[in-house]
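Note that numbering that gives the first Met the number 0 has the sequence shown beginning at 0, numbered continuously upward.
What the hints contain is simulated information worked out from the structure, not anything from laboratory work. Being a predicted model, the structure only gives us computed values, none of them experimental. Using N, Cα and C, we set each Cβ at its ideal position, and we do this for glycine too. Warning: the hint list may mix true and false statements.
[What the hints assert, rightly or not] Just the calculated beta-carbon pair ranges, DEER-fashion:
#, residue 1, residue 2, range
1, V593, L186, 43 to 49 Å
2, S357, G43, 18 to 24 Å
3, P485, A318, 23 to 29 Å
4, R363, G43, 38 to 44 Å
5, G502, P292, 23 to 29 Å
6, D123, G442, 43 to 49 Å
7, A601, P494, 34 to 40 Å
8, A272, G596, 45 to 51 Å
9, D164, D123, 35 to 41 Å
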Amino acid sequence: MGEWRIGVRALSVASLMGLAPAGVAEAAAPAETGPRLSDAAFFGLLDVERPELAAVREAAARQDWAAAKRALAVHLRGRKAPRWTFDPLAVGRSPKADTGKAENAMRHRLSSIGIEWQFGPAIDWAFNPTTQPDAKWPRNHEWTWQLNRHPMWLDLGRAFYATGDEKYAAEFVAQFGSWVRECPVPLKADNKAFSRWRTIEAGIRTGSVWPEVYHLLLGAKALDDEALTLFLKSWAEHAHYLMAFKTGGNWLTMEANGLYHVGALFPEFKDAALWRRTALERLSAEQDIQVYPDGAQVELAPGYHGVAVQNFLGPVYLAPLTGFEVPAAYIAKMERMFDYFLYAMQPTRRTPALNDSSAGGVERWMETGAKLFPGRADFRWVASGGKQGQEPAVLSYRFPYAGQVFLRNGWDREALWLCFDAGPYGYGHQHEDKLGVTLTAFGQPLLVEGGVYTYDASEWRRYVLSSRAHNVVLVDGLEQNRRKSPRESYVVKEPVPLAFATGDTHDYAAAVYDEGWGPDGARLVRHTRHVFFVKPDLFALADVLEPADGQAHSYEALFHLDAEEAKADGLSVVTLNKGANLAVTAFGADGVSVIKGQTEPAVQGWLPDSSAGYGGVRPIPTAAYRRRGAGTVTLVFTLAPAAAGKPPRAVKDARFDGVELTVAFENGETRRVRVKAL
0 MGEWRIGVRA LSVASLMGLA PAGVAEAAAP AETGPRLSDA AFFGLLDVER
50 PELAAVREAA ARQDWAAAKR ALAVHLRGRK APRWTFDPLA VGRSPKADTG
100 KAENAMRHRL SSIGIEWQFG PAIDWAFNPT TQPDAKWPRN HEWTWQLNRH
150 PMWLDLGRAF YATGDEKYAA EFVAQFGSWV RECPVPLKAD NKAFSRWRTI
200 EAGIRTGSVW PEVYHLLLGA KALDDEALTL FLKSWAEHAH YLMAFKTGGN
250 WLTMEANGLY HVGALFPEFK DAALWRRTAL ERLSAEQDIQ VYPDGAQVEL
300 APGYHGVAVQ NFLGPVYLAP LTGFEVPAAY IAKMERMFDY FLYAMQPTRR
350 TPALNDSSAG GVERWMETGA KLFPGRADFR WVASGGKQGQ EPAVLSYRFP
400 YAGQVFLRNG WDREALWLCF DAGPYGYGHQ HEDKLGVTLT AFGQPLLVEG
450 GVYTYDASEW RRYVLSSRAH NVVLVDGLEQ NRRKSPRESY VVKEPVPLAF
500 ATGDTHDYAA AVYDEGWGPD GARLVRHTRH VFFVKPDLFA LADVLEPADG
550 QAHSYEALFH LDAEEAKADG LSVVTLNKGA NLAVTAFGAD GVSVIKGQTE
600 PAVQGWLPDS SAGYGGVRPI PTAAYRRRGA GTVTLVFTLA PAAAGKPPRA
650 VKDARFDGVE LTVAFENGET RRVRVKAL
């Protein structure tokens with residue numbers, strides 16, 4: 000597959016998939032670094048002409064750096080603005096707080112991506128336990144990267160602020176000093192494996208972790224004049240690094256948000272206004288570059304949509320604390336991104352688990368949206384649990400650029416909801432899942448797909464990226480292959496070909512996958528999936544498969560069921576949940592198998608499960624419908640959800656002739672839905 004990329008980052012296949020020679024530990028390649036900031040150079044970065052820095056100016060003029068550091072520390076601890084969300088000097092008000100994580104940090108037992116490692120007296124900031132010859136985990140470069148986001152310093156800071164115990168502050172000062180010594184800022188962007196200075200980490204540190212750490216520890220004696228100055232030096236180095244190097248996608252939003260925080264929290268720097276202005280310009284430009292007109296972020300992974308929103312909001316959140324306002328037009332651009340949260344939302348008030356995303360909560364986003372856009376009664380309705388505002392005026396909804404359709408029969412938590420994903424491959428975090436569907440009803444996810452798995456080199460990671468983990472059709476056992484396509488096709492400039500209609504009796508959507516199956520994409524079959532919501536309670540799919548060679552091919556339609564068990568009765572597969580259930584029934588298939596927890600001959604019938612710890616997965620039943628035929632083949636499936644204790648609606652027959660779907664129910668009722676050809 001050449002390269003695996005997010006934003007403009009590139010990792011080799013060997014690096015991603017763990018193909019270093021057996022028994023050899025990978026090691027960090029040294030980055031070219033510049034000299035550390037001297038005291039003279041650092042104080043030269045400060046705007047000492049500011050009246051409040053008069054004492055700093057006088058000490059620096061006579062090169063009395065100890066006095067200059069003391070004067071700077073007095074100023075920072077006593078200034079009234081910028082403020083933070085709590086009083087940094089109100090230390091020790093919760094002496095019985097839980098300090099377990101901080102005690103681990105004291106012992107150098109550090110955790111990253113759910114894997115703990117016990118360091119000795121010295122912390123090796125470039126270490127990665129997953130790359131060692133005897134590692135029990137698949138290679139995962141995120142361990143080093145995310146360790147250098149410094150979550151352990153948050154633990155130390157919170158423990159100090161709660162208890163007032165200086166040992167936590169002293170440990171932070173020691174760890175920070177070692178990090179500064181061992182991790183000097185590179186002269187070039189360093190986004191490779193083992194880097195402590197990936198641009199994304201630099202942005203996350205200064206945009207979220209370090210601001211909190213700084214204010215938690217500002218009242219500590221251990222954070223003396225020397226340590227506080229060293230902290231400020233590193234903030235300045237981060238700003239210079241982030242000014243010089245930027246990437247794209249959600250990475251750039253984090254980089255720019257971090258740069259903005261340095262300029263907003265420390266206006267004492269001469270370049271603080273430039274940093275804020277540059278960051279805001281980058282963020283504003285990215286609102287158009289990486290957000291489609293329909294509001295979806297171009298990676299088409301709802302979790303990273305949230306990452307981008309959070310970072311776009313960084314300057315907005317800081318405004319009341321720092322006094323640096325952001326333009327109204329900047330805020331207005333974000334409304335469409337909150338629309339995506341609203342209209343894509345499952346009835347459970349969670350986002351769809353598309354691409355590298357799990358299902359995340361939407362209500363907190365709606366709370367923010369309601370504050371930013373007080374005229375949006377629908378945001379307020381979701382945020383308040385229906386107690387305020389007004390229910391959204393429309394039900395089913397299409398995002399024309401994202402290529403996603405959401406069909407629903409209501410906005411209550413028990414409503415029926417189906418997601419049809421027919422969009423472009425996406426800027427990053429992509430899965431081979433075009434034309435996939437997922438379904439939630441009666442408060443439960445019933446038809447699910449791969450979601451997100453930790454970014455390691457395991458077979459599970461390969462599985463969730465593959466078509467095999469999604470509710471799509473395989474051709475001759477081969478999977479979709481959009482990764483082979485030119486990168487410029489991953490993001491679109493116009494709405495994608497996607498039929499959509501909604502009405503009182505039915506909703507309809509349809510799209511095509513014709514980009515090839517298999518490692519080289521050479522197996523050419525045009526797959527058109529027609530999706531119907533036959534109101535009030537039945538969904539149907541019509542899969543039309545047209546091979547370019549007209550020859551016989553084998554087709555396998557997959558349905559991943561979120562259930563402990565499912566049983567097959569003829570060509571119907573029904574989940575056996577205590578709560579809501581789903582019946583999938585095929586018309587035109589040769590047979591069906593229910594696969595659960597399979598690893599050979601291929602991984603099938605699994606779902607990532609974060610509750611099971613690092614790399615957790617759980618087996619789920621997966622209905623695999625088979626059909627072999629020459630020429631055009633049509634398969635029709637009905638998806639009948641049922642509330643707890645009720646049987647799914649029984650379907651006797653379902654047919655699709657290219658323009659009309661006919662569904663005959665066991666009770667004698669017949670429904671017909673006519674569509675326009677694509």
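Structure-based check of all given hints:
no.	hint	result
1	V593 x L186: 43 to 49 Å	57 Å, violated
2	S357 x G43: 18 to 24 Å	47 Å, violated
3	P485 x A318: 23 to 29 Å	41 Å, violated
4	R363 x G43: 38 to 44 Å	43 Å, holds
5	G502 x P292: 23 to 29 Å	25 Å, holds
6	D123 x G442: 43 to 49 Å	47 Å, holds
7	A601 x P494: 34 to 40 Å	35 Å, holds
8	A272 x G596: 45 to 51 Å	58 Å, violated
9	D164 x D123: 35 to 41 Å	27 Å, violated
Checked against the numbered hints above, the structure violates hints 1, 2, 3, 8, 9; every other hint is satisfied.
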